[in-house]
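Trainee: Fit chain B to the supplied structure of chain A, relying on the hints for placement.
Spelled out, the chains give:
2 protein chains.
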Amino acid sequence: MLKTSILKAILIASVAFSGFANADADDNKKYRWKLAETWGPNFPIFGDASKNMARLVDEMSNGRLTIRIDSSNRHKSAFGIFDFVKNGQYQMGHSASYYWKGKDFNTMFFTTLPFGMTAPEQYAWFYHGGGMELMKSVYDKHGIMSFPGGNTGNQMGGWFRKEINTVEDLKGLKMRIPGFAGEVLAKLGAKPTNIPSAELYTALERNTIDALEWVGPSLDLRMGFHKIAPYYYTGWHEPATELQFMVNPEAYNSLPEDLQKILTAAMKLAAYDMYIQSMHESGKNLATIQEDYPHVKIRSFPKPVMTAIKLANDELLLEAAEKDPKTKEILDSISTYQKQVRAWTNFSDRAYLDNFDSK
Amino acid sequence: MLKTSILKAILIASVAFSGFANADADDNKKYRWKLAETWGPNFPIFGDASKNMARLVDEMSNGRLTIRIDSSNRHKSAFGIFDFVKNGQYQMGHSASYYWKGKDFNTMFFTTLPFGMTAPEQYAWFYHGGGMELMKSVYDKHGIMSFPGGNTGNQMGGWFRKEINTVEDLKGLKMRIPGFAGEVLAKLGAKPTNIPSAELYTALERNTIDALEWVGPSLDLRMGFHKIAPYYYTGWHEPATELQFMVNPEAYNSLPEDLQKILTAAMKLAAYDMYIQSMHESGKNLATIQEDYPHVKIRSFPKPVMTAIKLANDELLLEAAEKDPKTKEILDSISTYQKQVRAWTNFSDRAYLDNFDSK
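If you read the sequences in order, they're chains A and B. Quick note: the first sequence uses the numbering used here, first residue 1, plus one each step. Quick note: the second sequence uses the numbering used here, first residue 1, plus one each step.
So here's chain A without its partners, still in its complex pose:
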């Protein structure tokens, strides 16, 4: 009896004591979370971002919050992440906001847009231009917290078996290009399609498709497309693809404040880190492509082709804005902010790159 009550007194006292040093009474409670990601196991760069985030949280919280990562091979539903997090089946998800445009069209604007902002421009919009607030206003009604989850950098326009010289060349072109960018090309007569990644190489090799876009050198090299499609076009449709961390709000609110801060900082840091890792891997793999596969020709679409694509894109966005005031609010915010920050990009990095190449 004595032993038990002493132990009890010590336990109570120790909780009270640590209460002096820390704001939260239950600060030593351990939280075991699970994150579901869209990607398969060991998917490069994207998968590194979620691992990096979980490692940072584990280290900074001294093991008080640990996050187990389930890849698509485990949870069997690459595009079920939204519902997993909403229902609380998983406390967290790692995916991309534009995958949910079927559920809510307005989720599409928090990943990237054709002819949209570059990665640093878009981060400035998220954190200083009202982007985070708009994303919250869209996700609140779904009961999900959404955060930037890592940027791929500017994506390439894709691998083409034949050169594109005129807008006519787009007519009937069978291209794997999902989402809104596919709709843009469809407006110009192309036949956009989506094909699972495992079947892409064969589809291109057997002329089931004439072209495809994937990401950029960082992830394209391992896919082998350069062996069968010699034209590699520069980008227009995904200038800054930002992945997404999702958090279940009830789970978040159950955390003591310091763990909330640790989690938020870890997500933000892992997102930035992925942008920089993408930059590195792209440079490295581009060098490999250029050295080992000199037949690959990097091209930009001719100006009239680019202009036609841009017009089609503007028309589609205008139509969307007319259908929904929230869409209009988001698109207005993006276009106003982009105009302002782009003027700076043009006078800073862009002018600098020109100055550098003076000869």
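Incorrect hints may appear among the rest.
Pairs of lysine-lysine residues, derived as DSSO-like cross-links and limited to a Cα-Cα distance of at most 30 Å, are as follows [to be verified]:
no.	chain 1	residue 1	chain 2	residue 2
1	B	Lys187	A	Lys284
2	B	Lys101	B	Lys187
3	B	Lys51	A	Lys136
4	A	Lys261	B	Lys187
5	B	Lys284	A	Lys29
6	A	Lys34	B	Lys328
7	A	Lys303	B	Lys101
8	A	Lys303	B	Lys339
9	A	Lys284	B	Lys310
10	A	Lys29	B	Lys261
11	B	Lys326	A	Lys284
12	B	Lys51	A	Lys261
13	A	Lys328	B	Lys51
14	A	Lys284	B	Lys51
15	A	Lys326	A	Lys187
16	B	Lys326	B	Lys103
17	A	Lys328	A	Lys103
Calculated from the structure, these hints are not laboratory results.
Mentor: Here is chain B on its own, set in the frame of chain A:
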């Protein structure tokens, strides 16, 4: 007596108890640190980076590590930060590595270089291209730990009272441009000088100097230079000025591991955040300049001027590399990495900006 010994037992027990949940026995110890920064109090953006870092550490550590920031008005030695941290007078500093080139020439390469990398390129070099390891090899012998401390983004080439049309126009030009970039211009006949920031406006107004560089719209607007020098030139000399957090290694090693991780993550996050904040403030202030001061003309130096400056820069770097094997090692790393990553920048963001402007 009884009361005291019970209290003692409880104290011992509570320490032992918290030892079960956490790896470090002294995890509730509070660390009170001081940081000395080069900047004055409430200096925008630069000062926000150190405050952001300290706030992140405070919140994530639940107050176990707090960092008091002393600005230059308090410690009275803007360029004494290196010694403050080395001697342990301050546990941390916030400054810029190129300020220490008089102490060790090789510290100069960890801020930015004329015709060097852009901010995301340079972060990729730091974290994936060997930059952090090289910085460590330079700072280890001074007993200082050095980390990226926030990027200004691409800096403008400066405010000029007269247009620069030929290399001849640089001859005798009195310009406030400190450091290595000043040496580059001196090679072409300019008269570089350094003037304290408080006296810059008057010096330019009274023709004591003909031109000056400061930062870019983010910080230039408040200085008022646009009122008296109508030519604003695009940049070449500081494409990605990275500030610096310094930490005293003994102080760092005295921290439990989780606080070390929190501090490291907070510094890295605050550095990225400052880059994005700079992007935002630059865009915003550039818009103000263009709207309110339409007489300001933004120019790039003519190609022959830019080429002459670049040649002078290359010669000076070559001379430096010949004098010191460590300098050569760092410059080789930078130029090899820059060449690789720049190829990607040119095919991604730069080509994209061209595609965007197709009309």
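Trainee: Need the status of pair Lys34 of chain A, Lys328 of chain B: alpha-carbon distance at most 30 Å?
Mentor: violated (48 Å)
Trainee: Would the pair Lys51 of chain B and Lys261 of chain A pass a check requiring their Cα atoms to be no farther apart than 30 Å?
Mentor: holds (16 Å)
Trainee: What's the verdict on Lys284 of chain A and Lys51 of chain B, does the C-alpha distance respect the 30 Å limit or exceed it?
Mentor: violated (36 Å)
Trainee: Taking only the CA atoms, is the gap from Lys328 of chain A to Lys51 of chain B under or equal to 30 Å?
Mentor: Violated. Lys328 of chain A to Lys51 of chain B sits at ~36 Å, over the 30 Å cutoff.
Trainee: Would the pair Lys303 of chain A and Lys101 of chain B pass a check requiring their Cα atoms to be no farther apart than 30 Å?
Mentor: violated (47 Å)
Trainee: Is the Cα-Cα distance between Lys261 of chain A and Lys187 of chain B 30 Å or less?
Mentor: The given pair, whose Cα atoms are some 51 Å apart, is violated under the 30 Å limit.
Trainee: Quick one, are Lys326 of chain B and Lys284 of chain A close enough, alpha carbons at most 30 Å?
Mentor: holds (25 Å)
Trainee: When you check the alpha-carbon spacing of Lys326 of chain B and Lys103 of chain B, does it fall within 30 Å?
Mentor: holds (15 Å)
Trainee: Does Lys326 of chain A pair with Lys187 of chain A here, judged by a C-alpha cut-off of 30 Å?
Mentor: Since the Cα atoms of Lys326 of chain A and Lys187 of chain A sit roughly 24 Å apart, the hinted pair holds (cutoff 30 Å).
Trainee: Does Lys103 of chain A sit within 30 Å of Lys328 of chain A, going by the straight-line distance between their CA atoms?
Mentor: holds (18 Å)
Trainee: Can you confirm whether the C-alpha distance between Lys51 of chain B and Lys136 of chain A stays at or below 30 Å?
Mentor: Holds, at roughly 26 Å.
Trainee: Next pair to validate is Lys284 of chain A with Lys310 of chain B; report whether the Cα-Cα distance is within 30 Å.
Mentor: OK: Lys284 of chain A and Lys310 of chain B at ~26 Å, within 30 Å.
Comparing the model with each earlier hint shows violations of hints 1, 4, 5, 6, 7, 13, 14; every other hint is respected.
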